[in-house]
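Asks: Chain by chain, the residues run as shown.
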Amino acid sequence: MSAVAHAHDHSHDHDHAHDHEHHHKDTFITKYIFSIDHKMIAKQYLITGIVMGIIGIGMSLLFRMQLAWPEESFKVFSWFLGDHAPDGVMKNDMYLALVTIHGTIMVFFVLTAGLSGTFSNLLIPLQIGARDMASGFLNMISYWLFFLSSVIMVSSLFVEAGPASAGWTIYPPLSALPQAIGGSGAGMTLWLTSMAVFIASSLMGSLNYVVTVINLRTKGMSMTRLPLTIWAFFITAIIGIISFPVLLSAALLLLMDRSFGTSFFLSDIYIAGEVLHYQGGSPVLFEHLFWFLGHPEVYIVILPAMGLVSEIMATNARKPIFGYRAMIMSILAIAFLSTIVWGHHMFMSGMNPFLGSVFTFTTLLIAIPSAVKAFNWITTLWKGNLQMNPAMLFSMGFVSTFITGGLTGIILGDSTLDINVHDTYFVVAHFHLVMGISALYGMFAGIYHWYPKMFGRMLNKNMGYVHFWITTICAYGVFFPMHFIGLAGLPRRYYTNTNFPLFDDLQNVNVLITLFALVGGAFQLVFLYNFFASIFFGKRAPQNPWNSTTLEWTTPVEHMHGNWPGEIPHVHRWPYDYNKPGHDVDFVPQTVPMKPGEEQLHH
Amino acid sequence: MTTLLVIVILVLLSVALWQLTKIFDLTQAGRVSDGTSQVATDKDNNLQGYLMFIFLAFIYLFTIYGLWKWGHLVLHTPASAHGGQVDNLMNITWVLIFFVQTVTQGLLHWFAFKYRGREGQKALYFADNDKLEFVWSVIPAIVLAGLILYGLYAWTNIMFVDEDEDVLVVEIYGKQFSWEARYAGEDNVLGKANVRYIEGVNTLGVDMADPHAQDDKVVNELHLPKGKKVLFKIRSQDVLHSVYLPHFRAQMNAVPGMVTQFAFEPIYTTAEMRDMDFMKEKVHNINELRAKKSAELIAKGQPGLDPYTFDYLLLCNKICGASHYNMQMKVVVDEPEDFKAWLEGKETLSAAVKASKAKPADNEAEGSVTVDADTVKPTTLVSTAPSGAAADSTAKAKPQTKPAK
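Going line by line, the protein sequences match chains A and B. Per the working numbering, the first sequence starts with residue 1150, numbered consecutively. Per the working numbering, the second sequence starts with residue 87, numbered consecutively.
Below, computed lysine to aspartate or glutamate pairings styled on EDC-like, alpha-carbon distance capped at 16 Å:
| hint | chain 1 | residue 1 | chain 2 | residue 2 |
| --- | --- | --- | --- | --- |
| 1 | B | K208 | A | D1733 |
| 2 | A | K1532 | B | E205 |
| 3 | A | K1532 | B | D214 |
| 4 | B | K208 | A | D1735 |
| 5 | B | K379 | A | E1221 |
| 6 | B | K366 | A | D1653 |
| 7 | B | K368 | A | D1653 |
| 8 | B | K386 | A | E1221 |
| 9 | B | K155 | B | E367 |
| 10 | B | K378 | A | D1653 |
| 11 | B | K379 | A | E1220 |
Calculated from the structure, these hints are not laboratory results.
With these hints in hand, go ahead and build the complete structure from the sequences.
Replies: If you want it as structure tokens, here you go:
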């Protein structure tokens, strides 16, 4: 309990000295703000993530409009961008700022903190049978550091020279020199500060997850009886712990180059009519450090989504997940390989081509565990009894976009083919489908599925259906045509393509992409309405609405600190006994002991 | 028009979906327990199962539509010797991707439709199958091994240039927001260079004391001889840039503080490329679009657009600042004899530097040297400064000479 809570309790005692019931009651502040209850922290992560998501997706709509109708005047630009859009025409450096902050917010604030932060916090204690995280206090600090870093990132939007504009990868020298682009001044300082705080938050969260999974499992919950969600969160936390500190070191060295005149990443630069003093540094070193985090980061984003999808699919297919052990093995293989493939972002960076060969090899290997996962999901559907809840639809949507986006990775991961598609819209199409849209689908699936657990109420399913179908059509509508303009050689991060008559025939495609984006973006309002309205007006949820086997559905609907009113339940079986022969009901919760003579039918 | 159509279709689609779900809502009115629980009912399962099947058709049709409508946008015949190998590997990979995509999306959505939930339907308890899992781990492994081997073979061929190979050495130099090129001259060796030597007309910072630098020539339009392998040595003055030559399947970053390289052999001259059927069609198509756009602009009282003729281009493909979107250099591939004649017509850098130094003292750093129209055409802020200053100093020089007379 925090000091604030104690002080409050104390004054409380004066008023109602005889009223003992009030002694341990949470105040508004300890319950909703500085809470140490993992369920409340999960909700805090989720709502912060959603707010950041609104900002990030909103930005993408603005720059998509600029791409479709270059240098045209829009009222909406004047409203949101102010001086950065004189007469409603977006300025070229503002375009880059929007692209940069969109990427940063979506990757780190929405899909790392908003997705992994929410569901790791919510599900780890509930699904392993623990009363809370190993350290509730650390957990609270983790959330508030995330909140602080979000505030710093958003505040950087209001810096006069503009926020960071060097791309979300912030490659120096562009990110190091305010002479090179306005956003590399105060905007970039705030970006780096925000990320440093974010990394601290992420590390605290990850350490907590790892310790909790290792130490606080209930009796009978062996590692091979863990739901796949927990495996995914567990491994995600480990790769976060391994790779985020490397980004921190890169950020610190970059801060030193910027502020104290060191030359870690800079050398031989002549800009704005003068030679700078930097000597001996290398931007390629920064690229290595950045992608040493940056590549595992995409798996930090996608693994939790995979875990959620596996769990939701099994529940809604009323079937055990196919190949439970293969799923775990492939999570482990992906996590291991993800730390040794970062160089495929750098085939064209000027590093030794021999390194390119090595990274091509490791990169294409990662397709094997990914393929295994995709096949296993599809087989899970086979001969199931599919309950088409919105969460299930988003899970199947996830598999679809993961395959579509993942397959083009075979092209990008091959150094020879990367020569000509590197940094074109082909890359944009690839990673948005495979880790952007897919992870968002995973997140939506998780929200639809565990909303009853989080808020004690149900989301409206019909709004969920509309949300899913429009989103899924628009997502393909946006990113499918992008492959073609990328293969036509159109570079990404161009403010307008009108200076290249060569690309004039791509303009119609760009307009179509933007229209799909605008419609898709608008229909997220259906979700937002559903989400916020259902908190107050949704139908009250039963204890186990999806007839699921895992432990979280054995807790009462009303939240309580400690999760279970009595003893923590013991676990007697794995989490996927759906439609097991020999049982009358189509699901056997993990808490049900094996019948005499009942066989374990999986391995 | 298409845009309007898309909007209309999407709006109608959403209305239709909304109405359908509403109808199902109403039909559920009798079954209170199921209808309002917000858990999918059999009717939902049925409808969503069918929609999944329709969505599969959407994916297939959208793919076919895309190939038909946008397939021609994709880069066509490569203009470099190694380009054929790249495109070949690309095509093999595409065949594989389309096959896997069609089959897996088909299975995924077909199962979603086929096994949609029904009251009383029992799912099969099917937890693992070693044989199946072995098969679909090994097949991707074998296929990928093939792709990796082919890819690495091609990569090694493209990226490693033998020391004793007969190549033309050309430096590509990037800066915010333009490109320059330097030819190594008779000795085919580039003079040493560093940004600390940048002075006046010597915008690339070439060390003029280096004997190899004496015959170097600097231009801002890249000419290449057909049929000769060109080794590009790439430098940057300020931030990261990327030398991207899409028609040649060539790309390499320009990194301040180091020299990167890429080599290829152009196999079609600009004239030959312009004359190819696919290119004629592409240019014709673009010009129709431009004519339409131009008419609109003129109607608004703005200047119209010039018609487009094809040229190879070098684009910047690494975010480098506000004007990243307009950092380009024209590339011309000539017949070898035309190339030779063109290059011989260019002044060496040392001559340009000498000429600028020979001017009166107040001109020195700025260099009001007269050069060919397409030699060192200043296009950036940094390099416009000297020419502006040069104009100033010549203006100043005139009154000064008068009293002397």
